Structures are given as C-alpha cells and as structure tokens.
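**Q** Next come the chains, spelled out residue by residue.
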Amino acid sequence: PPAHSRNDWIGPPDKHSNLRPVIFYVPPEESPLERRLREARQEAQACNQRFWALHNRAFHQEKEEFIYSRLKAKGLEMRDETGKKATLNAEEMADFYKDFLSKNFRKHMQYNRDWYKRNFTITFLMGQVALLRALRWLRWKKKNVGN
Amino acid sequence: GLFIWHLKSPGVRQIPCPFLHLCHVANDRLITFQYFNFLKRMYVTQCNKDLSQQAKPKSDPVASPFHELQQLDQEKKIIHKIRPILPVPQPLSEPSSRNGLREMKSAAETEDSLTAVRAESKEDRQWKEMKLQLEDLPGILARLSKIKLTALVVSTASAGFAMAPVPFDLTCFLLASLGTGLASCAANSINQFFEVPFDSNMNRTKNRPLVRGQISPLLAVCFAASCGVPGIALLTLGVNPLTGALGAFNIFLYTCCYTPMKRMSIANTWVGAVVGAIPPVMGWTAATGSLDAGALLLGGILYSWQFPHFNALSWGLREDYSRGGYCMMSVTHPGLCRRVALRHCVALVGLSTLAPVLDITTWTFPIISLPINLYISYLGFRFYRDADRSSSRKLFFCSLWHLPMLLLVMFTCKKSFLEKEDKGDLLGGSHGRAMEIKLP
Numbered sequence: 001p002p003a004h005s006r007n008d009w010i011g012p013p014d015k016h017s018n019l020r021p022v023i024f025y026v027p028p029e030e031s032p033l034e035r036r037l038r039e040a041r042q043e044a045q046a047c048n049q050r051f052w053a054l055h056n057r058a059f060h061q062e063k064e065e066f067i068y069s070r071l072k073a074k075g076l077e078m079r080d081e082t083g084k085k086a087t088l089n090a091e092e093m094a095d096f097y098k099d100f101l102s103k104n105f106r107k108h109m110q111y112n113r114d115w116y117k118r119n120f121t122i123t124f125l126m127g128q129v130a131l132l133r134a135l136r137w138l139r140w141k142k143k144n145v146g147n
Numbered sequence: 001g002l003f004i005w006h007l008k009s010p011g012v013r014q015i016p017c018p019f020l021h022l023c024h025v026a027n028d029r030l031i032t033f034q035y036f037n038f039l040k041r042m043y044v045t046q047c048n049k050d051l052s053q054q055a056k057p058k059s060d061p062v063a064s065p066f067h068e069l070q071q072l073d074q075e076k077k078i079i080h081k082i083r084p085i086l087p088v089p090q091p092l093s094e095p096s097s098r099n100g101l102r103e104m105k106s107a108a109e110t111e112d113s114l115t116a117v118r119a120e121s122k123e124d125r126q127w128k129e130m131k132l133q134l135e136d137l138p139g140i141l142a143r144l145s146k147i148k149l150t151a152l153v154v155s156t157a158s159a160g161f162a163m164a165p166v167p168f169d170l171t172c173f174l175l176a177s178l179g180t181g182l183a184s185c186a187a188n189s190i191n192q193f194f195e196v197p198f199d200s201n202m203n204r205t206k207n208r209p210l211v212r213g214q215i216s217p218l219l220a221v222c223f224a225a226s227c228g229v230p231g232i233a234l235l236t237l238g239v240n241p242l243t244g245a246l247g248a249f250n251i252f253l254y255t256c257c258y259t260p261m262k263r264m265s266i267a268n269t270w271v272g273a274v275v276g277a278i279p280p281v282m283g284w285t286a287a288t289g290s291l292d293a294g295a296l297l298l299g300g301i302l303y304s305w306q307f308p309h310f311n312a313l314s315w316g317l318r319e320d321y322s323r324g325g326y327c328m329m330s331v332t333h334p335g336l337c338r339r340v341a342l343r344h345c346v347a348l349v350g351l352s353t354l355a356p357v358l359d360i361t362t363w364t365f366p367i368i369s370l371p372i373n374l375y376i377s378y379l380g381f382r383f384y385r386d387a388d389r390s391s392s393r394k395l396f397f398c399s400l401w402h403l404p405m406l407l408l409v410m411f412t413c414k415k416s417f418l419e420k421e422d423k424g425d426l427l428g429g430s431h432g433r434a435m436e437i438k439l440p
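So the protein sequences, as listed, match chains A and B. Those letters in the first sequence? Residues 1 to 147, per UniProt numbering, in order. Those letters in the second sequence? Residues 1 to 440, per UniProt numbering, in order.
One or more of the hints may lead you astray.
Coverage of chain A stretches by chain B, computed from C-beta distances (three or more under 8 Å per stretch; other residues unrestricted) [stated by the list, open to error]:
#1 19–29
#2 52–62
#3 122–130
Simulated pairs of lysine to aspartate or glutamate, DMTMM-like, Cα-Cα distance not exceeding 25 Å [said to hold, decoys possible]:
#4 Lys-103/A - Glu-319/B
#5 Lys-394/B - Asp-320/B
#6 Lys-107/A - Asp-292/B
#7 Lys-103/A - Asp-320/B
It should be emphasised that the hints constitute simulated quantities derived from the structure, not laboratory data. Keep in mind that this is a model prediction, so the values were computed, not measured. Positions of the beta carbon are idealized from the N, C-alpha and C atoms, including for glycine.
In isolation and in its complexed conformation, chain B is listed as follows:
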C-alpha cells in the first residue's frame, strides 16, 4: 500500500500517468520509507491568490513534529511525496523543506515504535475513500437512525398501545409500531444531519456516520425523507389521523425545535422531555383513536422520567457541552439541574398513584411500583445532595432499568376494560381476560 499524494488543481494541470510512474520508480528508495503506517495529517486549504488546491501540512512549529513522532500513542502519519511532484508548478518551497525534515525523521525512527501502534487506531487514522459500499449501508443507516434509541421509542409506543382499554388489534399494533419506528428513524437522521461539526467535537458522538464521512448529507436527508413520509403516511392512513398528526408533530418538535434549541437555551430539556412523552401517547391514540386521560397520564410518566435520565447523563458531559457550545442545565444551572431531576423522580410516585384513579390500572400498581419509584427518588436525592459523578451515574443507570420495569408492572396491573365496574378484581383474573386478540 504505497500512497502517492498527487496534487490536483482545477485547471488542466494534471499529472499525466506515465510521468507519475517515472517518479514512482525514480524515488523508489525514498518510497520504501513510506510505509502504510506513516500517516501525516494534512488538510486542503484554498490559496487566496489563485484557486489552486494545495496540500499544506499543519502549520506546526518544526519542533513539535519531532515530539509528536516520538509519542507512543501517536497518530499515524502519511508522508506525502511532494518532492517528486514538484515539477508541477506549485509554490511549495516551504512545505517541501518541511517534508524533507520529516522524511529524515521518519528514516531515523525505528520500526519498533511503529509496531507499538494499535491496530484499531490504524483503522481509524487512515484516509478513507468516500465511496459508499453497499454492504456497509445497513450498518451505516442503523447508526444514522440511532436504531437502538428508535427501538426504545417503539417499545414505549407499544406500551401505550397495550395499556389502552380496548381489545387488542394486532394489525393496528404492528402498523402503529412500524410507523412510529420510521418516524423516529427520520427524526434521528435529520438530527445527525444538523449536528455534524458539533458531534465531531464530542467524545460520545464522534463516531457517527456523517461525522466519519461514511455517507453524504444528501443521502442522509433522502433516507430521512424516505422513512418519514411513509412512516407518517402509514400512521395517518393505516392507523388514524390523530396518531399521524402526533407523529409529524413529534418529528417537527425534535428536529426543528429541540435540535436548534440545544444551542440556544436550557429550555431544550423540557422540549426534549415532551418529545419523549409523545410516543406512548401515540400508541394509545393508535388503539383508541382519541386522547384520553390515560394517554396523557402515560405521556406524563414518560415526561417525568426524562428528567432524571437526561440530567444525570448530562452531569458527566459538562466539559464536552461547554466546549461544544450546548446550553444545558448541568453546565449553566447545576443546582436547577439536580432539583428538577429530584422533583420529577418524586412526581413519578404521584403519577403512578394517579393510574388507578383514572381506571387504567388496579390499585396494586402503585403499591408494587412504590419500591422502584422510591429507589429512583432516593438516587435522585443522593444526586441532589452529593452532586458528583458517581451519584449521577447511579441515577442514570437506574433510570435505564426503572422505565421498562415500571411499564411492565403497569401492564400486568392493567385493568381489564371488561371488568371496570368490578372493583375487586385481582391480578391474575383481570390479566387473563384483558387481551382479546383480534386476528386480521
């Protein structure tokens, strides 16, 4: 794998192939140093005088490349062969002497330090062709659409559907889940499309497909459109218009409100909580066709859950947020951040108690869910009081299992719509009769 970096300029000054070949042969001795391992970062800058492209090495002082090369966890460097290409008229006297220096240094460097470089970083530090490989496409699209997050969103929507006090309709359920999933993919793709330079600068997000150039922005937008349009159409036509409207509204809220607001005001967290609360509401409306109190309660539970989840997560990312220019409570109003998290943990207890009042579940639900709600509230309190990394991590990881468990318990305590009048129903009895599966 020998690379010859070959300068091109917009014009007709392209190096003819035979000439390159000659250069290649003539400089064979120098090229032997040009191992695949050596990489040098460079970027193309636009020369102000003429619009020719020239590769310019990073304007480091000469001393630092030395230092860089000797670090063991070094980035790899490509030596670019400017010298053999000098006959192409380029005013590169300064960079070429620098290259001379670098070549000498690399010659001096032994192979031992090279072999110390890890294989994965080699993969990451190489120059890659920006050509879409079809076999990579599913993986890339999965990462673009944040498929794991989408799966969680679809499961909250399914929970909303399952909790609705109507006979279970399988086709409706599947259509609603698919539609919600597609809408979520679209929203996530647009979000990544908007945030490329910011994602590059944060550790958590720097391996996203658009950041790595694995897919072009155009393709990302087309993918988003091809998920979003059928998704919303499916919801509007296949389920009901209300669900479709909610889905479209949610996409809008996430991409056009939440994403830009992240960089403008801390209110983005509240908007984001609404975005998270809408899917279960969609699930409910898909089943019943109307926005009942039950839908709003489920939405309320998800809404409250978002705060301990996100605030705890953002606590450990303060440096990245500050540098990236994101306005988050954890950075600007840390006290508020912890108060809000605690407040909403406690609110979950209240909302769980509201469920049987609204005839969605039996009274066993608040009783069984009390331990887990109290536990998360306790962790919320610890986070509020200690305000350190370990308490924030504990709260965050708790929120990850707390929600599925809460929804599961809620489902098992679901009040059968057949027995709404009967106040004495027990867990087993109501559960058995709650599901009438309507086959398509």
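Looking at chain A on its own, in the form it has when it is part of the complex:
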C-alpha cells in the first residue's frame, strides 16, 4: 500500500487458506481502544489463516492419498496412457468427502465457537471505536464553531 494511505488494505486470497490478508493502518494517534480493535483483528486474521491453511492442506493431501489408494486397489496408475492425471468419479469421491467431514467435525465445532466469539468481539469493538470517533469529531466541530 502506498505510504500516504490512511486506510487498511486488503489483498488477493491466500493460496492455502483462501482468506484475504489485511494490512492494518496504524494511525499516529491511535487510542488504546483502537489498538485493542486492531490487535483483535490481527489475531483473528492470524488464527483464521492458520486454521484454514492447515485444514485445506490436509484436505488436499488426504484427497491425493485417497485417490492413490483407490486407484491402486483398482490396479490403475496415477496417470493414464496419455499422461493425464487419473481421477475418480464423483460417487467414489463421495466416500472420501463423507469420511473427511466426520473426521473433522469436532475441529470445526471448536473453530465455529471461536470464530463466532471473535466476530462478535471485533464488531462490538468496531462499534465502540466508531462511537468514540463520532464523539471526537463532534467535540472538534463544536470547538471550531465556538472559535
């Protein structure tokens, strides 16, 4: 982001987590409340990034392993004669999807609770910060009008 920018910047989706990273702007006169908000957002971002990057990587890895084991059971190779990667059809993959979902159920439950809590906290802090800024602006306005 350019040096003079006073806003946050959001980037393209991460390759592993599919989440878009945000670079947070730190204003020179950042109040403690604003700092808490920014840190909460950074923490949430880091947490989400970690979770999804690992989770997606595990998914792709296990998917590859599943395809490999199934192909081997059928007596086929990973690549057919033309060199194209062999895939299983949707019905065969369905077993894997079902299995993967049930294996990760508990992990998802925990993540959900965590995410909802963070989401609410961050939004609530945003509300507080917005209110604070509005009051600050009103006070400044009144001071200017008074002068």
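Got chain A; can you put chain B on it based on the hints?
**A** For chain B alone, coordinates are given in the frame of chain A:
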C-alpha cells in the same frame, strides 16, 4: 503505479517522508522492474517477541516461487521493496535475501508472460484500499442482502397475498411486500456476516462483499438492523401483528438456527425449508389477518419445493461442503438426500390436489398442474436412481421454473371468494370477478 510497501510498527518508528523519497529516487533502477503487474502475496504476521508488524513473504521453499512465476495463469506478484527500507531496524535478513532472489527472477522474466495474464484477474489479484466508495455502496448492499433471492422471497409472499380469499387491498399488499423484502435483506446480511471465512473457501460464495472486504462487518450489521427493524415494524404496525411476528420469527430462524446449524447437523435442511415456507404464509396472513388452512397449504407447497431444489443444488457442491465443514445430506447421507428430494416432489402432487379441497382453487388447478408436477417428480426419480451430476442439475433447473409456473397456475385457478358456493365456475368467469381492487 509504483508501490512502495512501507513497514509500520506500532511505536514511533515511522519512516519520515523525505527519507522515502530519497529511497525512491536512489532505487529507481530497481523500481523500474516493479511493474504494476507484479504482485506478491504476503501477509502480516505478529512477531511473538515484539509486537511489531513485519511483512513476511509466504514461507514457501525457494524452489516453488520459480515454479509459480512460470505458470501462465499465474497470480500476479507485487515486489515489495524491503531492501530500501532496511534502515528501519527490522530483523529481516532472511526475507530480504529472498526478495533479492525474487527480484532477480522477475528481472529474468520477460514481459511476454506478463501480458498473457488476463485483465480481470488483474483486477481481482490486486491489493485494494479498504475504503468505502459511496458510488459502489448500492451494488455492495445489493450483494450483501442477496437482492435476487430477496426478490424471489417477496414474490412468494405476494403469491400468498394474492391467493388469499379476500378483496385485494393495494396498500396492504405493498406494505407487506416491502416489509418482507426488508426482513429478507436483514436476514441475508446477518447470514453473510456470520459466514465470512466459510464463504471465502467455497467457490460459489467467494465473491461476497464481506469476503472481499468491500464493507466492514460493523456496517453490515448496521445495515441489517436498519432493514430489519423498519421492516418488522412496518409489518407489525402497517399490516398486522401476526405478519410482523412471523417475519421476526423467520429472521431469527434463518440467522440463529439455520446458519449455525449448517455446520452442526443435517437437520438444517428441514429448518431451511421452513424458512422458505414462511413468506407465502406471511403474505396470506397480511391479507386475511389469520392463519387459515390455505396459508398452511401454501406454506406446505413451498416447504416441499425446497427439498428437490436444495438437494439437487447441494449434490454438485459436495467437495466444497466437505472441505468447508458443512453438514449436508448430500455429503453425509447421500441416499437420504435423494429419497427426500423424490418424496417431496411427489408430495407436491398431493398438495396440489388438496388445494381445491380447501376451497382455495378450483379443480382445474390439480389437473393443469399435474404435468409439471409429474415432470419434476420424474426428474426427482431420475436423480434418485442415477445419482449423478447431470440428473441433479436437471432437477435443480427444473425447480427454478417449476415454482413460478405452479404459483401462476394456482393464481389463475383461484376460486373467487364471491363464488365459493357455486361449484360450476369456470376459469374465465371466476378470474374476472376475483379481484376487487381497493384503492387507497
């Protein structure tokens, strides 16, 4: 468009402007490589030792960036100029050498591969300022509130209103439609607010406004509140309390039951079907003020319709659902998924036959609607038997035109409340007298 990524840390260690300018000039030769096309993904991580922000390139092994750069459908990379900024004390010896490597590679890379990158992906792969532009706001809010889905919901509510056996009251109709629309916008916005990281990971939903950072979560919630509160108030005060209560209940059901349940149990589909069934009931209660059998029948038709519609849709999304952690029948209980879809297609035939029994429509309705109901049941049966992508798509697309057509036929076969006693009324006659438009 030259970007200098400039590290900031919470503290007073900010780079003064003149210094930046000097760096800029001094490194002009290097910066010429820094085309607008080059983008490198990076994310800010929090260093454990001190709370300073540092930009860290993705921890890929050195070999892979090479590979990445050479792919033609490559993501674009920004080169971040860590080197000129090194004087700001940052322990970046490792990333800076990596950057050196990347700069060399980019120098080696010709412009030909760059021009191969498509313009739209350029738009999508750039870093964007998170500043709300007022002219974008209507589009963003439309996407946030899922405006097309809202329009469909409002039309089912209007169908419910139109089918009610009372004189047509235009103001009431408009108020009910507006109130339902606002309630739907609110519910959809909250749903998107809850689901940001999950939406990012699914292909179908990764372009939503909150995912792309086009709007802040706070604004999304405020928008939802500013739609929901007036919407429900409008329904309660402008129409009748029953409709308002149904609207509020539906918002609650969708945001607090269905949305979290999607990740907990397959029962979410049934809850979602109820959510879809309530709007026509609301339309009916808006017109009559009470929950009659007719309202429940209309709700029942919408309820049954949801299953072939959603189950067919979810069949093609199994991979995304599995990876995203969504508990859907299509993933965990595929057999049940298809059985339920078929069951409800057939139920539609039964419900359509019930309509004249309850004096809502004439007997022409089940006769005329039989072909379309049989057709969707046939597709439901094919889906049940074949269980493949093509049959699921056929069923899904059929459901999209099946519902409007069914509601339209139902409306044209509506039994005029004036002629309820007369069993021999025909289509044309009853239709002409069914509408007494009460002007405000």
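**Q** Against this structure, judge whether each hint is valid.
**A** Results of checking the hints against the structure:
With 9 residues having a Cβ less than 8 Å from any Cβ of chain B, the segment 19–29 of chain A passes the three-residue criterion, so the hint holds. Counting residues of the segment 52–62 of chain A whose beta carbon lies closer than 8 Å to any beta carbon of chain B gives 4, which reaches the threshold of three, so the coverage claim holds. Given a C-beta distance limit of less than 8 Å, the hint that chain B covers the segment 122–130 of chain A holds, as 5 residues qualify and 3 suffice. Between Lys-103/A and Glu-319/B, the direct Cα distance comes to roughly 15 Å. Compliance with the 25 Å bound is thereby established for this hinted pair.
Between Lys-394/B and Asp-320/B the CA atoms are separated by roughly 20 Å; this keeps the pair inside 25 Å, and the hint holds. A C-alpha spacing of about 45 Å is found between Lys-107/A and Asp-292/B, which places the hinted pair above 25 Å, so the restraint is violated. The suggested pairing of Lys-103/A with Asp-320/B holds, with an alpha-carbon distance near 16 Å, which does not exceed 25 Å.
Taken one by one, the earlier hints fail for this structure only at number 6.
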